[in-house]
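K.L.:
These protein sequence lines map, in sequence, to chains A and B.
With our numbering as the guide, the letters of the first sequence map in order to residues 753 to 816.
With our numbering as the guide, the letters of the second sequence map in order to residues 5 to 433.
The hints are simulated quantities; they were obtained by calculation from the structure and are not laboratory data.
From the three backbone atoms N, C-alpha and C, an ideal C-beta is built for every residue, glycine too.
Please note: incorrect hints may appear among the correct ones.
Unchecked claim - With beta-carbon atoms standing in for the labels, derived distance ranges:
1. A/Asn792 x B/Thr262: 40 to 50 Å
2. B/Met69 x A/Gly757: 17 to 27 Å
3. A/Gly757 x B/Pro322: 27 to 37 Å
To be verified - Here's a subset of chain A near chain B, in silico, CB distances under 10 Å, partners left out:
4. Gly764
5. Gly766
6. Ile772
7. Ser774
8. Ala776
9. Asp778
10. Ile780
11. Ala781
12. Asp789
13. Arg791
14. Leu800
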Amino acid sequence: MGAIGAGIAALGAGVGIGLIGSRAMDAIARQPEAVGDIRNNMILTAALVEGAALFAIVVGLLQG
Amino acid sequence: MKVEFKKLSILVFALAFSWGMLLAQGHGQAQEEHGVETEQQGEHGGEAGHGGHEDGKYDPVGTVMGHIADANEFHVWKGVHLPLPVILYAPEHGWTTGLSSMFQHGHVAVDGYVLNHGRVNRVADPAFPKGEAHIDGVVAHKVEEADGKEKDVYYAVHEGQEYLLDPPSTVDGGFLGGRITSFYDFSITKNVFTMLLAGLLLILLFSAVARGYRKNIHKAPSGIQSFMEVFFVFIRDEVTKPMIGEKHYERFQPFIMTLFFFILFCNLMGLIPFFPGSANVTGNLAVTMTLAVITFLVVNFNGKRDYWEHVFWMPGIPAWVKIILTPVEILSLFIKPFSLMIRLFANISAGHIIILSLIGLVFLFGNNGQSVGGAAGGAVIGGLFTAFMNLIELLVAFLQAFIFAILTASYIGAAVEEHHHDEAHGEAH
Numbered sequence: 753m754g755a756i757g758a759g760i761a762a763l764g765a766g767v768g769i770g771l772i773g774s775r776a777m778d779a780i781a782r783q784p785e786a787v788g789d790i791r792n793n794m795i796l797t798a799a800l801v802e803g804a805a806l807f808a809i810v811v812g813l814l815q816g
Numbered sequence: 005m006k007v008e009f010k011k012l013s014i015l016v017f018a019l020a021f022s023w024g025m026l027l028a029q030g031h032g033q034a035q036e037e038h039g040v041e042t043e044q045q046g047e048h049g050g051e052a053g054h055g056g057h058e059d060g061k062y063d064p065v066g067t068v069m070g071h072i073a074d075a076n077e078f079h080v081w082k083g084v085h086l087p088l089p090v091i092l093y094a095p096e097h098g099w100t101t102g103l104s105s106m107f108q109h110g111h112v113a114v115d116g117y118v119l120n121h122g123r124v125n126r127v128a129d130p131a132f133p134k135g136e137a138h139i140d141g142v143v144a145h146k147v148e149e150a151d152g153k154e155k156d157v158y159y160a161v162h163e164g165q166e167y168l169l170d171p172p173s174t175v176d177g178g179f180l181g182g183r184i185t186s187f188y189d190f191s192i193t194k195n196v197f198t199m200l201l202a203g204l205l206l207i208l209l210f211s212a213v214a215r216g217y218r219k220n221i222h223k224a225p226s227g228i229q230s231f232m233e234v235f236f237v238f239i240r241d242e243v244t245k246p247m248i249g250e251k252h253y254e255r256f257q258p259f260i261m262t263l264f265f266f267i268l269f270c271n272l273m274g275l276i277p278f279f280p281g282s283a284n285v286t287g288n289l290a291v292t293m294t295l296a297v298i299t300f301l302v303v304n305f306n307g308k309r310d311y312w313e314h315v316f317w318m319p320g321i322p323a324w325v326k327i328i329l330t331p332v333e334i335l336s337l338f339i340k341p342f343s344l345m346i347r348l349f350a351n352i353s354a355g356h357i358i359i360l361s362l363i364g365l366v367f368l369f370g371n372n373g374q375s376v377g378g379a380a381g382g383a384v385i386g387g388l389f390t391a392f393m394n395l396i397e398l399l400v401a402f403l404q405a406f407i408f409a410i411l412t413a414s415y416i417g418a419a420v421e422e423h424h425h426d427e428a429h430g431e432a433h
């Protein structure tokens, strides 16, 4: 059960980080001069999304 | 041509690293067999049958977990171990100190302490002899737990008698087999040794850089100083200034830089597969928890009135929402450092596990030394994938240090920010 839960969490985080990346690419294409700011905010947001996935993984580990 | 040479040298380095890892784990394999040997010796002494690996088969999970775990001795090369100081305390017995070489790799028990798979364990049984005692080995029994999971419980064999071994306690909450135990281990372990080494390297490097800044006032930087200045400017302009704000960033710049460089150095030393590196420091929950707790304290001790107001009584929303939001905000105070802790731990451990699993392919394909062709195939495939993974891990080492620094900076930024709500809203309208 834990493995399935972790898998679903990874799926959700994958979609989330994929969306962040795709929108960041759009934004960079539109405003190449803002690439530094966009990159930083992209990494920050991706890290926050990843945090949610990591909580799910921890719960998965605890449940075994 | 120059670029080509650079690319080539990066590839050669990555391959050399993975090769070093191969050798390192090759020894791990030999040691595993050695461990099996003693376990079989133990079988002569004790009457027990043991779980899983008594037939000398390669156990990938056990080997990988053994390599990412902390240890009380530092394996250097083949049979050479760097003995590390052990400082142990048991409430009913007092202090025991010495070097890890006194355990002779698990053949001698000192005051009831036994070296089991690199970690000091303790026999709590009062019948076990105090002082030095020869033991015939360590045996493992599989025990089924209440939730259906199997767990290895280790016993030391002394004169035909089996004694239960208490593993060292860990703060991992039982994730990695830690539990409450009968003794305290304050030893300089492999991880502690590597952390001290990283600290020493940082002190040497940054005192050299500081000398440069003292010498080159109003002049262009020189030597190592010009190499590190890129990092300083990057952290100032990309991390602290935008996240903390012009007014306060200078106060927190040293803290953020210390976090960044300490995590970076520990990550990079973890990627070196041989002696001074190879310890999984930032992939250890205790280490990342300490870093996260320091961040938690720095953030909350610097919290301004506005910050606490936003935590306990968020302005600008209806009262019934505040009642729901306040517990969530209080929880999030703790969730933020918790996610810092888990993120660093999970990323670095996962990287180490992947690399070790790829190296493990050599032994898996080699069918435990039976098939040379399989081992060669595994070496080629595993080596190439490991070289690739090492390059990814190099990126992750920088990225995780950067993420830890930038998230800490953003939490500090939220804590020291002064909002001026009414004015801001007034301007917006």
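K.L.:
Hint by hint, say whether it matches the structure.
P.N.:
Against the structure, the hints come out as follows:
no.	hint	in the structure
1	A/Asn792 x B/Thr262: 40 to 50 Å	violated (20 Å)
2	B/Met69 x A/Gly757: 17 to 27 Å	holds (22 Å)
3	A/Gly757 x B/Pro322: 27 to 37 Å	holds (35 Å)
4	Gly764	violated (15 Å)
5	Gly766	violated (15 Å)
6	Ile772	violated (14 Å)
7	Ser774	violated (19 Å)
8	Ala776	violated (15 Å)
9	Asp778	violated (21 Å)
10	Ile780	violated (16 Å)
11	Ala781	violated (21 Å)
12	Asp789	holds (8 Å)
13	Arg791	holds (9 Å)
14	Leu800	holds (8 Å)
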